[in-house]
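Novice: Between the sequences and the hints, there should be enough to build the whole structure, so can you do that?
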Amino acid sequence: MAKRVGIEVSLAIAEAAKLANTDVVAAYPITPQTHIVEHLAKLVADGELDAAYIPVESEHSAMSACLGASATGARTFTATAGQGLELMHEVLYVASSMQLPIVMAVANRALSSPLSVWGDHSDVMAVRDTGWIQIFVENGQEAVDNVLCAFRIGEDPKVLLPVMVHLDGFYLSHVIEPVLFPEQSLVDKFIPPYKYPMPLHPDKPVTMGAFGPPIIYTETKKAQEVNLRASKEVILQCWAEFGKTFKRHYSPIESYRTEGAKVLLLTMGSFSETAMTAIDRMREKGKEVGLVRIRLWRPFPFEEFRQAVSNAETIVVVDRALSFGGPVGPVCSEVRSALYDEKQKPKVVSFVAGLGGRDITPAGFEEIVNRGIEISQKGSENEFEIFGVRG
Amino acid sequence: MEKYAVYVPKLVTKKENFAPGHRACIGCGEALAVRLACKALGQNVIVANATGCMEIVSSQLPFTSWRVPWIHTLFENTAAVASGVESALKMLMKKGRIAQQDIAVVAMAGDGGTSDIGLQALSGAMERGHNFLYLCFDNEAYMNTGIQRSSATPFGASTTTSPAGKMSMGQFTWKKNMPAIAAAHNIPYVATACPSYPFDLLAKVEKGAKTPGPAYVHILSVCPTGWRCATDLSIKIGRLAVETGIFPLYEIENGRYKLSLDPPKLRPVTDYMKLQGRFRHLSEDLIAKIQKRVSAEYAEIKEKAVADKE
Numbered sequence: 001m002a003k004r005v006g007i008e009v010s011l012a013i014a015e016a017a018k019l020a021n022t023d024v025v026a027a028y029p030i031t032p033q034t035h036i037v038e039h040l041a042k043l044v045a046d047g048e049l050d051a052a053y054i055p056v057e058s059e060h061s062a063m064s065a066c067l068g069a070s071a072t073g074a075r076t077f078t079a080t081a082g083q084g085l086e087l088m089h090e091v092l093y094v095a096s097s098m099q100l101p102i103v104m105a106v107a108n109r110a111l112s113s114p115l116s117v118w119g120d121h122s123d124v125m126a127v128r129d130t131g132w133i134q135i136f137v138e139n140g141q142e143a144v145d146n147v148l149c150a151f152r153i154g155e156d157p158k159v160l161l162p163v164m165v166h167l168d169g170f171y172l173s174h175v176i177e178p179v180l181f182p183e184q185s186l187v188d189k190f191i192p193p194y195k196y197p198m199p200l201h202p203d204k205p206v207t208m209g210a211f212g213p214p215i216i217y218t219e220t221k222k223a224q225e226v227n228l229r230a231s232k233e234v235i236l237q238c239w240a241e242f243g244k245t246f247k248r249h250y251s252p253i254e255s256y257r258t259e260g261a262k263v264l265l266l267t268m269g270s271f272s273e274t275a276m277t278a279i280d281r282m283r284e285k286g287k288e289v290g291l292v293r294i295r296l297w298r299p300f301p302f303e304e305f306r307q308a309v310s311n312a313e314t315i316v317v318v319d320r321a322l323s324f325g326g327p328v329g330p331v332c333s334e335v336r337s338a339l340y341d342e343k344q345k346p347k348v349v350s351f352v353a354g355l356g357g358r359d360i361t362p363a364g365f366e367e368i369v370n371r372g373i374e375i376s377q378k379g380s381e382n383e384f385e386i387f388g389v390r391g
Numbered sequence: 001m002e003k004y005a006v007y008v009p010k011l012v013t014k015k016e017n018f019a020p021g022h023r024a025c026i027g028c029g030e031a032l033a034v035r036l037a038c039k040a041l042g043q044n045v046i047v048a049n050a051t052g053c054m055e056i057v058s059s060q061l062p063f064t065s066w067r068v069p070w071i072h073t074l075f076e077n078t079a080a081v082a083s084g085v086e087s088a089l090k091m092l093m094k095k096g097r098i099a100q101q102d103i104a105v106v107a108m109a110g111d112g113g114t115s116d117i118g119l120q121a122l123s124g125a126m127e128r129g130h131n132f133l134y135l136c137f138d139n140e141a142y143m144n145t146g147i148q149r150s151s152a153t154p155f156g157a158s159t160t161t162s163p164a165g166k167m168s169m170g171q172f173t174w175k176k177n178m179p180a181i182a183a184a185h186n187i188p189y190v191a192t193a194c195p196s197y198p199f200d201l202l203a204k205v206e207k208g209a210k211t212p213g214p215a216y217v218h219i220l221s222v223c224p225t226g227w228r229c230a231t232d233l234s235i236k237i238g239r240l241a242v243e244t245g246i247f248p249l250y251e252i253e254n255g256r257y258k259l260s261l262d263p264p265k266l267r268p269v270t271d272y273m274k275l276q277g278r279f280r281h282l283s284e285d286l287i288a289k290i291q292k293r294v295s296a297e298y299a300e301i302k303e304k305a306v307a308d309k310e
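Respectively, the protein sequence lines represent chains A and B. With the numbering used here applied, the first sequence corresponds to residues 1 to 391, in that order. With the numbering used here applied, the second sequence corresponds to residues 1 to 310, in that order.
Hints in this document: simulated from the structure, not taken from any laboratory. Do not rely on the hints blindly, as some may be mistaken.
Said to hold, decoys possible - Not the full set, but computed from the structure, chain A residues with beta-carbon under 10 Å of chain B:
#1 54
#2 64
#3 69
#4 195
#5 203
#6 217
#7 220
Here a beta-carbon is modelled for each residue, glycine too, at the ideal position from N, C-alpha and C.
Specialist: So this is what it looks like as C-alpha cells:
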C-alpha cells in the first residue's frame, strides 16, 4: 500500500530519490536546498539508501562529479538552488550535450546581489537554454511524482537527457505537506534499471567529449535540439503511464477553471496554487477568468499551450524573474513568441512579481488580473509592470 | 651497462593506448609523457582529461587517439569528474552491476588546469580521499591558448601575458609548488617525473595508479613551442631541468621524501636556461637570483629526503 505521510517537501524529494534507487549523489549545500541533501546523506548513513554520497567542495564540482558518475553508468541525483545553479552553469550544458541523464531538484532562489536566499525564478531563467528538460512542480506530491518521472524520462534510451525538477525555494521546499509515497515494487516497475548505452568501461573503450570543429559542431547542436524537442513525446507517455499506475495525472500545460474564460492568468511554479485561490474568488464574483500553469518549461509545449489559450482574449502573465533591459518577463516573452503567428492573437500583458521571496497573496493576484485587463483595454506606457514595487 | 639500453625497452609494452596520429607539435614533451603514462597504466583504466593541449591534439571529432575509455568535459573540473567516475565504479561493483576488477581512475590536466583553475576541484578530490591518480603535465604556461603565464610559469620566463619588456623582466612570481600542495593534503603518494627519464616516469605512474587513495604525479613536459627552444632538444632540456636542480625528481610516500636521482653536483641553471628563448632577456643579476633560489630549494628537498631516510 502507498503510504500517506506528513513530510517536509525537501525530505520527500530525498525519499523519492531513494525510491528511485539512486546510485550516486554529489551535492554541495545551499539554502534552500539543504534539507534535500541533508536527508539524502542521512538515508545513506543509516543504510536506507545504498548510494555513494560525494560531499563535494562546490556546486561546480557537484555537477562535474555527476557527469563522471552518470557517464560510468550510475543513476545520479543532485540538488541545488540560486547561486549554486549559476556556479554549475557551464557544466549544465555539458550534461545535456553529452546526454547524461542526471536528475536534479532545484529549490528555486533569487540571485545576488543583494544576497537573497528566498525564492524566485532568476536562477531558472539563467539556465533556460542549457538543454535540460525542465519540469515545474507546485506541491509536495507533484515534487515526489515528478522526481520519479524525471528518472524514467531522462534515462529513456530515446531521450538520454538530464532533467531538472523545479520547486520554489521555501514556499515549497520548506513546507510540510501530506504526500502519498508509492510502493517500492511499483516504482521499481515504473523506473526500469538504469542501463547507460555507452558507459566508461575498459571492456569497451569510448571517447566521450571530443571537441567539435566548425565542420561538425552545428550538426551536433542540431541533433541535440531535435532530441530535446522529441523528448516531449516520451514525457507525455511517461505521465500517461504514471497516471495509469498511480492515479495522478500531469500535463505540460495545466488549466484551471478556464471554461468560458476570456481572461487567463498564466503562472509557473508554486504560487500557482495561490493563484487558484484568486481565480476561485474572482469566479465567485462572477468574473470569467481562468488560470493556465506551465508545468513543462523545456521542451516548451507549444502545441498544448496554444490549445490551452485558444479562446482567450487576454493573457496576464506573471513572471518571477526579470530580463534586465529586455522585453517583458522571460515567461511572457516566450508566450508572446508562441502566439505571434496565430491568426487570432490574444493581448498578452506582462507582470513581474514575487522577486526574492516577496509574497503574492490571492488579493495580489486579483489586483494583477484587474490591472492586466485594464492594460489590455487602455494600453500602458511600460513594456511590463513590476507588481507592488515601491519607488 | 651499454646493453641495458638494448634490453630494458623490451620490458616495456609496445602497445600504444595513446595512439599515434595526434596533432601535438613537433618535439612535444607532453605527448611523450602521456604516451609513456598510458603504457604504465595499461588497459584497465578510465581517463578523465581536462581541457588543454592533450585534449585538443587527441580528440578532434570524429577522431580519437585514446584506446582506453576517456572523458573530457571542462577545464577546471577534471578531479571532480574523476571522483564521480570512481564513486560510480565502487557503487556499481558493490551492487553487482559490473564485475569486480581493478580499474584505475586517472585524471589528467596541464599546469593551468591543475595549479590555477582546477586547484579547488583537485583539493576537494584529494581531501575526500578518492582512489584516483592525478597526473599534472606541466609545460609551465597556458600553451594551448598561446603561451600565457600560469602560476606554474617559472620566475623570469617571458610569456605572452608576462612579456619581457623595458619595464618587465617577464614572470615576476616564483613557480607554485604543486607537489607540496598535494602532499599537504596528506595523500599517500606524490611524485615528480619527466619523460626524459622514461623508466622513472613509468614506475611512478604505475605506483600512483596502484596506490589506494589519492596519488599525484607532477610531470615536467618540455614545450619547444612555448619555451622557444629547438624541437630536437626536448629530452635534453628535460634532463637539464633535473641535473640543474630546477626540477628535482622525488617521491613523497606517506609524507616521507625520497630523491629519485641525486646528482653528485648540480649543473648551473644557465646550462638549462640558455637553450630557451623564454629566458633570453634575463640579466646576470636575475640569473644569479634564480640560481640562489634553485640551490636553496634543492637543498631543502634533499634535507627532507635525508631526514626521512634516517
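Novice: Confirm or reject each hint.
Specialist: The hints, checked one at a time:
1. Satisfaction of the interface hint for residue 54 of chain A is found here, the shortest Cβ-Cβ separation to chain B being roughly 5 Å, below the 10 Å cut-off.
2. The interface hint given for residue 64 of chain A holds, since its Cβ lies 4 Å from the closest Cβ of chain B, which is under the 10 Å cut-off.
3. Below 10 Å, beta-carbon pairs count as interface contacts, and residue 69 of chain A has one with chain B at about 4 Å; its hint therefore holds.
4. With a cut of 10 Å, the hint placing residue 195 of chain A at the interface with chain B holds, because the nearest CB-to-CB distance is about 9 Å.
5. A distance limit of 10 Å between C-beta atoms decides the matter here; for residue 203 of chain A the minimum to chain B is near 9 Å, and the interface restraint holds.
6. Checking residue 217 of chain A against chain B: minimum C-beta separation of about 8 Å stays under 10 Å; hint holds.
7. Against a cut-off of 10 Å between C-beta atoms, the interface hint on residue 220 of chain A holds, since the closest Cβ of chain B lies about 8 Å away.
The earlier numbered hints are all upheld by this structure, with none contradicted.
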